[in-house]
Structure formats: structure tokens, C-alpha cells
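Protein chains in written order, with this note's numbering: chain V, 1 to 281; chain U, 1 to 252.
Treat the hints with care, as some may be off.
Straight-line Cα separation of at most 20 Å, SDA-like style, residue types lysine to any residue; simulated pairs [unchecked claim]:
1) V:97 x U:243
2) U:247 x V:100
3) U:151 x V:171
4) U:247 x V:167
5) U:247 x V:99
6) V:185 x U:6
7) U:90 x V:7
8) U:90 x V:150
9) V:185 x U:151
10) U:150 x U:139
11) V:193 x U:7
12) V:141 x V:131
13) U:2 x V:179
14) U:2 x U:18
15) V:193 x U:3
16) U:150 x U:250
17) U:2 x V:195
18) V:41 x V:56
19) U:250 x V:96
20) V:92 x V:102
21) V:6 x U:92
22) V:193 x U:156
23) V:95 x U:10
24) V:6 x U:154
25) V:41 x V:29
26) U:150 x U:172
27) V:276 x U:100
28) V:185 x U:9
29) U:90 x V:266
30) U:2 x V:194
31) V:92 x U:167
32) U:250 x V:193
33) V:6 x U:54
34) U:180 x U:100
35) U:247 x V:11
So, partial list: chain V residues that the calculated Cβ filter (under 8 Å) puts toward chain U [said to hold, decoys possible]:
36) 113
37) 120
38) 199
39) 200
40) 201
These are calculated hints, taken from the structure and not from any lab test.
From the three backbone atoms N, C-alpha and C, an ideal C-beta is built for every residue, glycine too.
Next come the chains, spelled out residue by residue.
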Amino acid sequence: MKKANKYLLLAPLLLWLFLFLVLPYFFILTQSVLTTDDFGKVIYHFNLDSYIKIFTNPLYYETLTRTFIYAIIVALACILLSLPLAYFIAFKVQKHKSFYYTLIVLPFWMSYIVRAYAWKIILGEQGIFNSSLMNLGIIDKPLRFVLYSDFSVILCLIYIFLPFVCIPIYTSFEQISKSFVEASKDLGANSWKTFWKVIFPLILPGVISGGTLALVLTLGDFLAASLLGGPNTLFISNIVQNLFGTSNDKPLGSAVGVVLLVLVFLLLEFSSRYEKKHETQ
Amino acid sequence: MKKVRLFIVSFSAFSVLWFLYFPILIIIWFSFNKESVSSFPIEHYSLDWYVKLFHNKSMMQAVRISFFIAISSTIAALIIGIPSAYALHKYNYFGKIILLPITLPGIVTGVAMLSFFPMLGIPLSLTAVLIGHTTFLIAIMITQILARFKKLDPYLEMAAFDLGASPLQAFFKVILPNIKTAIIGAVLLSLVLSMDEIPVTFFLISRENTLPIEIYGMMRRGITPEVNAVATLVFLVSSTAIFMSLKFNKEN
Numbered sequence: 001m002k003k004a005n006k007y008l009l010l011a012p013l014l015l016w017l018f019l020f021l022v023l024p025y026f027f028i029l030t031q032s033v034l035t036t037d038d039f040g041k042v043i044y045h046f047n048l049d050s051y052i053k054i055f056t057n058p059l060y061y062e063t064l065t066r067t068f069i070y071a072i073i074v075a076l077a078c079i080l081l082s083l084p085l086a087y088f089i090a091f092k093v094q095k096h097k098s099f100y101y102t103l104i105v106l107p108f109w110m111s112y113i114v115r116a117y118a119w120k121i122i123l124g125e126q127g128i129f130n131s132s133l134m135n136l137g138i139i140d141k142p143l144r145f146v147l148y149s150d151f152s153v154i155l156c157l158i159y160i161f162l163p164f165v166c167i168p169i170y171t172s173f174e175q176i177s178k179s180f181v182e183a184s185k186d187l188g189a190n191s192w193k194t195f196w197k198v199i200f201p202l203i204l205p206g207v208i209s210g211g212t213l214a215l216v217l218t219l220g221d222f223l224a225a226s227l228l229g230g231p232n233t234l235f236i237s238n239i240v241q242n243l244f245g246t247s248n249d250k251p252l253g254s255a256v257g258v259v260l261l262v263l264v265f266l267l268l269e270f271s272s273r274y275e276k277k278h279e280t281q
Numbered sequence: 001m002k003k004v005r006l007f008i009v010s011f012s013a014f015s016v017l018w019f020l021y022f023p024i025l026i027i028i029w030f031s032f033n034k035e036s037v038s039s040f041p042i043e044h045y046s047l048d049w050y051v052k053l054f055h056n057k058s059m060m061q062a063v064r065i066s067f068f069i070a071i072s073s074t075i076a077a078l079i080i081g082i083p084s085a086y087a088l089h090k091y092n093y094f095g096k097i098i099l100l101p102i103t104l105p106g107i108v109t110g111v112a113m114l115s116f117f118p119m120l121g122i123p124l125s126l127t128a129v130l131i132g133h134t135t136f137l138i139a140i141m142i143t144q145i146l147a148r149f150k151k152l153d154p155y156l157e158m159a160a161f162d163l164g165a166s167p168l169q170a171f172f173k174v175i176l177p178n179i180k181t182a183i184i185g186a187v188l189l190s191l192v193l194s195m196d197e198i199p200v201t202f203f204l205i206s207r208e209n210t211l212p213i214e215i216y217g218m219m220r221r222g223i224t225p226e227v228n229a230v231a232t233l234v235f236l237v238s239s240t241a242i243f244m245s246l247k248f249n250k251e252n
């Protein structure tokens, strides 16, 4: 195929991405160093006030750190839950392996809103969690803290991002040659030692890439907090949402968005560097 | 000892699977609850909420809009995606740039499009939503189809050329039939993803809601069992489509 033809085939894609993705992102970058007039209208006057605000006003930097800590909790929980499941399907399932694999892939693509909604019915005041406990006589008043709190948001995020972590971990389990495991056992290591010294280092790239995905997705999520969070639940993405909505401070909203973006890029870069280093070893 | 270990591993694995599926089973179960309170246990079963759902005008309108957006953005993504995947395959290039629309945080993409689209003369509307959806569907389309191109026998195309086919003939008569199942799989996934998309849609929509935005609105107002019914239907339709798509993608 001639070179010109190839460019011709790629032209619509490049044009589309340039117009509808690159330019909007570039615009956000520009908007983050502008300011607004008294009526909230963006005016073209360069300043760094928005960035200064983010790093001096506790509302912004504390929410950012808190969201980051929550994101780490979500990622770690997803990893911990994925390990036994992925290990089981990769090593212990002999029959119907593709069926089990489908079971973890299916929720990966499944509706976010449906899955978030499920927790609302489970954790609500009259939801099955509270009504079961009350029926069993363990509690006599519904536990309120379980819904509309940071707890319910974190639980929902763990639930939603679990498949995103489980799939890469499963893939790296699958790539381990069974003879490594046998060799380790022949050399006298017990199962515990074999897992931590032989298997775990081999699945670490999968753990890192899955964990990073959960981190990045949590940082960019504003839905779980607005659906299941309480009045004080605030994730960094909710701040962006508010600044573009009711608070109407687009430059500040853009600046928070840019900070979020930089953080996400750094995390993805770190993860892909780690994976590359591991490949060459 | 070995048996105990196997038991512990299997038990934790099945607990995690239970955690993944139990909330969905709960929704399905409660959608047949006659009462409007989702408390436990259920005393009377009925299909009332399904009937109510089909009489809910704004919900039905949202379903229609979602179908319209999903079908049109999938077609747009196909038109852009197939030739791009083909060219990228020829170049032997796969950059992370293609994945950008999916890896970038949805909220930032949403507000970026919200701020910039009016400058292109695109007001907040279904058109804006359509463009937003197409942008990330292209990424899905390219990755799915490119994966199939990679598995394709390179001699197939060469043989077509040797037998005198023009590049267009070779593409339509030889390449396309061989990637057909991958395309069907990618189309099904795109439809599902577009029907479920919220973060970008949220910022680009004007007054007409898509289905997930309508459900989001209902959820914000409180729990109504109608949502159980619609969530059950969304689950059934999307999991069937995803299941079929996985099947098509495996075929070669």
C-alpha cells in the first residue's frame, strides 16, 4: 500500500481526535489559567490564581489527598479480592474454564448505573442489609451509616472496579508455567513460600496494572459519590462537577481537572514503565 | 492439609463471585416485589413495576433516545474505525494514543467537551452527546478489530493481489469477510457501552435524557421499584449482547 493511501485512511481518525479530543483538552488547559468576571463569565486574562487556590485552600488539596487515599483503599481491596478468584480460575478450575472467565468479564462491561443502584437497595434504611439484621434481632434500629456515607461509596467503587483488576491478574496467573510451581515444590518450598516467592513476583505486573486502573478510575469517578455518598462525601471529581455546575467557576474547575489529569498520567506512566522493565528482565 | 487449603481457596473464590453477582440478583428479585418498599422478605410477587415502566412516557422516550445515540455513534465509529484499524495494522503501529479516549478520566473529557464544543458551533444537545460517544467508541472499535487483524494470515491478502485483485477488491472480498465476526463483536460492545455511558453524556446533554441519565435522575430522587424493573431489563439486554460479543470475538 502506498504511503499516501495509508495517510488517507487515517485522516478521518486523526481529524476526529484532533477536533473532538485534543482541542477540548487543550482548551481546558488554557481555561485553567484564565479568570472570571463578577458574573462568572470566563475572561481572557492570564493568571495562576486557580492553581494557587488548589494548593493553598484546604477544601481542594485535602479533598485531593482524601480521594487519593480512598483510591488506594479501593485498589488494594480490589487486588485482595481478585487474588483468590483469579488464582482459583487459573489453577484450580479444570472444567468449564471459559465459563468462569466469562463470569469475571461480564461485569467488566456491565452498566455502571445498574451496579451502583444495587447497593442502594442493599444498604438503604429499609434495604435488605438492615432489614435482615433487624429480622435476626441483631439490631433494632436501621444502621444509617451504611448508606449515604464514604463507606458506601468506597464499597460501591470496589464492587464496580473489581473486574478491571481481576482480569489483568487472571491473565498473569495464566501465563505462569506450571513447571515453575512444580520446580519450587521439588526444591522443598511449601505452598505458602511458593506463592510469595515464585508465583507472586510473576503476577506482580498484572497486580500493578490492575491496581493502577482502579486508582485512576476512582480518581475520575463522580457518580458513586453523588449517588451513594452523604452530605459530606466529596471526591475530587465532585469538585470538578460542582465548579462546572452550580458554583460556576470554569477556570478553577479546569485547573482541578488538569491536576487530576497530570496525576492520572503520572500513575499510568509509572505503571507502564514498571511493566516494560519487567518484560525486559 | 492439602484439602483444607483447596477448601479455603475455593471458598474465598466463590465468596468473591457471590459478591460480584449477588447485588444484581437482588435487583432482579426485587423487581418482582409487589410492595414499593424494598425490605426483606418479599411477601407478594407481581409484574406491576414492569407494567408501570412501559407506561412511563419519559422513560420510554429515554430508551428511544439511547437507542438512537447508540446506533448512530456506533455507525460513525465503524466508518472511522475500520479503515483506521486497517491502516494501523499495515503500519504495524499501535500507540497508546488510540487508547487515550478510554484511559483519560471521563469527567475531564466531559467538562473539556462541554467547554469547547460550543466554540465549534455545537451547542449542548444530542449532537454533542453523539460526538462524545463516537470519540470513545472509535477507541473500542480500533482495539477490537486491530486484534483480529493481528491474527489474520498475511498471505491471504497477498494471494488476492497475486490473483489480480485491486486493493479495494482485496479488502471487500478477502479481508472484510475474515474480520466480520470481530466487527459484529465490536458493534455489540459499542452499543452496550453507549447505552450505559454517563460521565461524558452527563455534561453534554441538554433537556432530552438518555436512559442511564434518566435512571440517575430517578435514583437521585429516591428509590422507586420502577428502577428495579428497568435495571433488570438493562442487565438482561446488555449481558446477552456482551455474551454474544465475547462469543463472536473468540471465533476466528
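Structure-based check of all given hints:
Under the criterion of a C-alpha separation no larger than 20 Å, the hint pairing residue 97 (chain V) with residue 243 (chain U) is consistent with the structure, at around 15 Å. Restraint check: the Cα-Cα separation between residue 247 (chain U) and residue 100 (chain V) comes to about 14 Å, which is no more than 20 Å; the hinted pair holds. With a CA separation close to 19 Å, the supplied pair residue 151 (chain U) and residue 171 (chain V) stays within the 20 Å bound. About 17 Å separates the Cα atoms of residue 247 (chain U) and residue 167 (chain V), which keeps this hinted pair within 20 Å; it holds.
Proximity of residue 247 (chain U) to residue 99 (chain V) is assessed by CA-CA distance (about 11 Å); at most 20 Å being required, the pair is judged to hold. Between residue 185 (chain V) and residue 6 (chain U) the alpha-carbon distance is near 16 Å, which keeps this suggested pair within the 20 Å criterion. Among the hinted pairs, residue 90 (chain U) with residue 7 (chain V) is consistent with the structure: their alpha-carbon atoms are about 11 Å apart, no more than 20 Å. Restraint check: the Cα-Cα separation between residue 90 (chain U) and residue 150 (chain V) comes to about 49 Å, which exceeds 20 Å; the hinted pair is violated.
In summary, the hint linking residue 185 (chain V) to residue 151 (chain U) is not supported, as the alpha carbons are separated by about 37 Å, beyond the 20 Å threshold. Restraint check for residue 150 (chain U) and residue 139 (chain U): the C-alpha separation of about 16 Å stays at or below 20 Å, so the hint holds. For a cut-off of 20 Å, the pair hint linking residue 193 (chain V) to residue 7 (chain U) stands: about 19 Å separates their Cα positions. At roughly 9 Å between alpha-carbon atoms, residue 141 (chain V) and residue 131 (chain V) fall within 20 Å of each other, so this suggested pair holds.
Proposed proximity of residue 2 (chain U) and residue 179 (chain V) is supported: the alpha carbons are some 19 Å apart, at most 20 Å. Among the hinted pairs, residue 2 (chain U) with residue 18 (chain U) is inconsistent with the structure: their alpha-carbon atoms are about 24 Å apart, more than 20 Å. At roughly 18 Å between alpha-carbon atoms, residue 193 (chain V) and residue 3 (chain U) fall within 20 Å of each other, so this suggested pair holds. With a C-alpha separation of about 14 Å, the suggested pair residue 150 (chain U) and residue 250 (chain U) falls inside the 20 Å cut-off, and the hint holds.
Annotation: proposed proximity of residue 2 (chain U) to residue 195 (chain V) holds, straight-line Cα distance about 14 Å (limit 20 Å). Between the alpha carbons of residue 41 (chain V) and residue 56 (chain V) the distance comes to roughly 24 Å, so the proposed pair goes past 20 Å and is violated. Proximity of residue 250 (chain U) to residue 96 (chain V) is assessed by CA-CA distance (about 15 Å); at most 20 Å being required, the pair is judged to hold. Under the criterion of a C-alpha separation no larger than 20 Å, the hint pairing residue 92 (chain V) with residue 102 (chain V) is consistent with the structure, at around 16 Å.
For the proposed pair residue 6 (chain V) and residue 92 (chain U), the alpha carbon gap of about 12 Å is at most 20 Å, so the pair holds. For the proposed pair residue 193 (chain V) and residue 156 (chain U), the alpha carbon gap of about 49 Å is over 20 Å, so the pair is violated. For the given pair, residue 95 (chain V) sits about 14 Å from residue 10 (chain U) by alpha-carbon distance, which is consistent with the 20 Å threshold. This hinted pair checks out: residue 6 (chain V) and residue 154 (chain U) have alpha carbons roughly 17 Å apart, not beyond 20 Å.
Taken as a hint, the residue 41 (chain V) and residue 29 (chain V) pair is honoured in the structure, with Cα atoms around 17 Å apart against an allowance of 20 Å. A hinted pair counts as satisfied when its Cα atoms are at most 20 Å apart, and residue 150 (chain U) with residue 172 (chain U) qualifies at roughly 18 Å. As the CA atoms of residue 276 (chain V) and residue 100 (chain U) are separated by approximately 19 Å, the hinted pair is consistent with the 20 Å bound. Simply put, residue 185 (chain V) and residue 9 (chain U) have alpha-carbon atoms about 18 Å apart, close enough for the 20 Å limit, and the pair holds.
A threshold of 20 Å between alpha carbons decides the hint, and for residue 90 (chain U) with residue 266 (chain V) the separation of about 31 Å lies outside it, so the pair is violated. At roughly 14 Å between alpha-carbon atoms, residue 2 (chain U) and residue 194 (chain V) fall within 20 Å of each other, so this suggested pair holds. Distance hint between residue 92 (chain V) and residue 167 (chain U) is unfulfilled; the C-alpha atoms sit about 49 Å from each other, more than 20 Å. For the suggested pair residue 250 (chain U) and residue 193 (chain V), the alpha carbons sit about 36 Å apart, so the restraint of at most 20 Å is broken.
Simply put, residue 6 (chain V) and residue 54 (chain U) have alpha-carbon atoms about 49 Å apart, too far for the 20 Å limit, and the pair is violated. A hinted pair counts as satisfied when its Cα atoms are at most 20 Å apart, and residue 180 (chain U) with residue 100 (chain U) does not qualify at roughly 26 Å. A distance of roughly 32 Å separates the Cα atoms of residue 247 (chain U) and residue 11 (chain V); the hinted pair therefore is violated under the 20 Å criterion. A least Cβ separation of about 5 Å between residue 113 (chain V) and chain U falls short of the 8 Å threshold, and the interface hint therefore holds.
Evaluation of the residue 120 (chain V) hint against chain U yields a held restraint, the C-beta minimum of about 6 Å falling below 8 Å. A least Cβ separation of about 13 Å between residue 199 (chain V) and chain U goes past the 8 Å threshold, and the interface hint is therefore violated. Below 8 Å, beta-carbon pairs count as interface contacts, and residue 200 (chain V) has none with chain U, the closest being about 15 Å; its hint is therefore violated. Because the beta carbon of residue 201 (chain V) sits about 19 Å from the nearest beta carbon in chain U, more than 8 Å, this interface hint is broken.
The structure does not agree with the numbered hints 8, 9, 14, 18, 22, 29, 31, 32, 33, 34, 35, 38, 39, 40 stated previously, though it agrees with the rest.
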